[in-house]
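Since chain A is already given, all that's left is putting chains D and G on it; use the hints.
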Amino acid sequence: MNMSRRQVLLLLPAAAVAWESILAGTPEASPNYKLTEHWWGMLVDISKCIGCGNCVRACATENNVPEGYFRTWVERYHVSDFNQAEPVVDSPDGGKEGFPPMLEEGGKNFFVPKMCNHCADSPCTQVCPVGATFISPDGVVLVDKQYCIGCRYCIQACPYGCRFLNPKTETAEKCTLCYHRITKGLTTACCEACPTGARQLADLKNPSDPIHEFLRTHAVQVLKPHMATGAKLYYNGLDGSVR
Amino acid sequence: MTIEPAQEGSGRVEDRADGDGAAMNRFKDAEHLFRVALVFAAGALAFVVVRAILVPKSFGEYGHYRGTAIAEIAAQPVVFAGHESCETCHPEVPAVKNKGKHAKVNCEACHGALAKHAEDPGTVEPAKLETAVLCVKCHSKNGAKPEGFPQVDAKEHSAGLACDTCHKPHSPVIGAGGKP
Amino acid sequence: MPVQGYMYPNEVELAWSILIVLYPFLTGLVAGAFILASLERVFRVEAVKPTYRLALLTALAFLLVAPLPLQLHLGHPERSFEMYLTPHRSSAMAMFGFVYLWYLMAVLVLEIWLDYRRDIVRLSQSAKGIPRLIYRALTLGSTNISENALRIDERASYIITVIGIPSAFLLHGYVGFIFGSVKANPWWSSPTMPVVFLFSAMVSGIAAVLLLYMFTSRVRGQAVDMNCVDTIARYLFYAFLIDFGLEMLDLVHRIYEADESFRSLDFMVHTRLYLSQVVIQIYIGTLVPIGLLALTQLLRLAEKVRKRIYAVAGALTLVGIFAMRWNVVIGGQLFSKSFLGYTTYKVGFITREGLLTASVLTLLPFPILWALVKLLPPWAEHEFMPEAGAAPAQGGD
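Those protein sequence lines, which keep their order, are chains A, D and G.
Under the working numbering, the first sequence is numbered contiguously, ending at residue 243.
Under the working numbering, the second sequence is numbered contiguously, ending at residue 1180.
Under the working numbering, the third sequence is numbered contiguously, ending at residue 2397.
Keep in mind that the hints were calculated from the coordinates and are not lab data.
Calculated cross-link-like contacts (lysine-lysine; reagent style BS3-like; alpha-carbon spacing at most 27 Å): (1) D:K1057 - A:K34; (2) D:K1137 - A:K48; (3) A:K145 - D:K1116; (4) A:K48 - D:K1099; (5) A:K168 - G:K2346; (6) D:K1101 - A:K48; (7) D:K1141 - A:K48; (8) D:K1141 - A:K108; (9) A:K145 - G:K2183; (10) G:K2346 - G:K2183; (11) D:K1137 - A:K108.
With the rest of the complex left out, here is chain A (with noise of 0.2 Å):
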């Protein structure tokens, strides 16, 4: 199949004044939307993960994370049902490349994705002292690498290990939801990449959305809830040994 994009727009006009909107990168390209109409999570199924590693790498090619750093990771859990208390977790490389078979014998074993939880009453948001990092009124925790002094209390305050600070901007960084792509009606760039749909992006704004049938539904839960940082990283299947 051999087209050019001169033959796509004659052909699928519609597809392609979305797609120019798209490319152009603008907020006022993606007019529809609206930042008051949304408020954004997202849903992993641990039960479906395979520890591929599709969203690691997914996530580093759409938002060029430096190596080393990870705004999404992928987590092995090995629960020994002799010591619940002590999972043994690796995560090699972030999961980026995958995993290599497993060491132990029996037990309980999964994998657990791992990302920024969004979190309505972000602590990471909470101790930036100049605002240079926020929640969006459509619920996304961002950071403004123009305005970052790069004083890292956000990364402390994180108890989830979601930020860094980017060696090569000097600024911290982290998730973004893949903010500029759900602007324009796509998804994530880990969820369009995830093989096994382990990973739902979540509008809980929008009353037609799946998530809210499967809240309902389904025993959920988020990573360390006696934080009560509002995460809206929802996870179902979680075992209690995942910190």
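Positioned in the frame of chain A, the structure of chains D and G alone reads:
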């Protein structure tokens, strides 16, 4: 440099002795304090002026941050085109894929990020995929994978044959047919 | 073994370096020195008077250097002014700029200026060359050092010291709050943190002034005022007891409660932090100096012995308090917030946040103090004996 309490007392008596003159003297003796206050006031004024000039215009538009930062972050270019874009030009693939086991596997999960190709299909070609490398990323055996997820020890399973000898990636069940 | 067990991948590299260790150490010295100085002014402890001005200048010298490690640590120091432009009210760090500026300008500089005004005015008439210009600028154009003017200064200075004490408490208690309020980090998150920081600040500041006073007396060939150092040592002893008591309270509380983080933190203290926490901070830096100071309180020791003990105890105290800052800042980042692993801190040498930078910044207050001492001599003989030939300004005494 301590001043004797006695002196302090006598000073006050003098002050009280003549009304206006004493007040004038007291002002003179405290004049240097007013000078300091002036220096501080000038500093505070300079701060207020500089602050008014330097605070970004959009700061506080939505909250305690630069409102324009939201648009700047949203302006980042897209790298993964998204399967809807792929399917507009390649409708024959979902026709097969959606009936098979890989129905929910999006195009770029295997083919990689292709926004550049979607933008300019004529010149940017997607890379050819090697099933021997690709398939094991998901299907190699691992004790932590959910039970029921098809996983194999590749060496043992295929004896070196490429996966697509038997399984067609877009519809992998053997004999399910469809475009390779 | 850089990483043992499991760390979240972004946790492996420490976010806060030795420069952030230095910062609370330096501000601690400032707050402590000021509180010591205020003893004479507010609580009329005449015995410590010989150190009053020296303590103020020491506080100023260290306060001027205190923000430098922070600046060097920032990814974008050129943007640090944003903390003044758009301070984020919910951030414990945002108010730092204002607290610092308040303390520097409204308290320390003003107090020093008022206290030295008579000297400044005289020196502006007696000095030659560039110093003369500096002194003249410092007079702000007012040469009135009449008895009444000085009495007003005395009053104002008293008021400023009264404001200054809570300000000094604020400055350092606040630094403790920056750590104590991080709920994500169980090693830091504690309401006792500001109080512990405050008392350790007083301890380090008192020890620093004690050492500086004895050192400068020796350099100047002057006899050490034993009444003065005995008094300072007594305050050091009591402040240290309170500080140690508070730290032990925190420790006992942690051990007894043994919450989810305990196992991990306990392991860390017994392994990676053993040398800096148990050996250096607690044994060498706390118990030994407290023991030495206790000896001087309990026994009647000869002057010479007391002086030696004070010098040793003071130096060990500073080592101990530095180790305490280290264990808080670095220790708080060596364990994973998953409580499943531990990382290592590697200090570079000639790097932006390396050992060389840290050493230079630690020593930098001393040349500044030297310059301040040259400019504004804090010694008693200058205070009481007007220089020959210096014509007193109007109405002088």
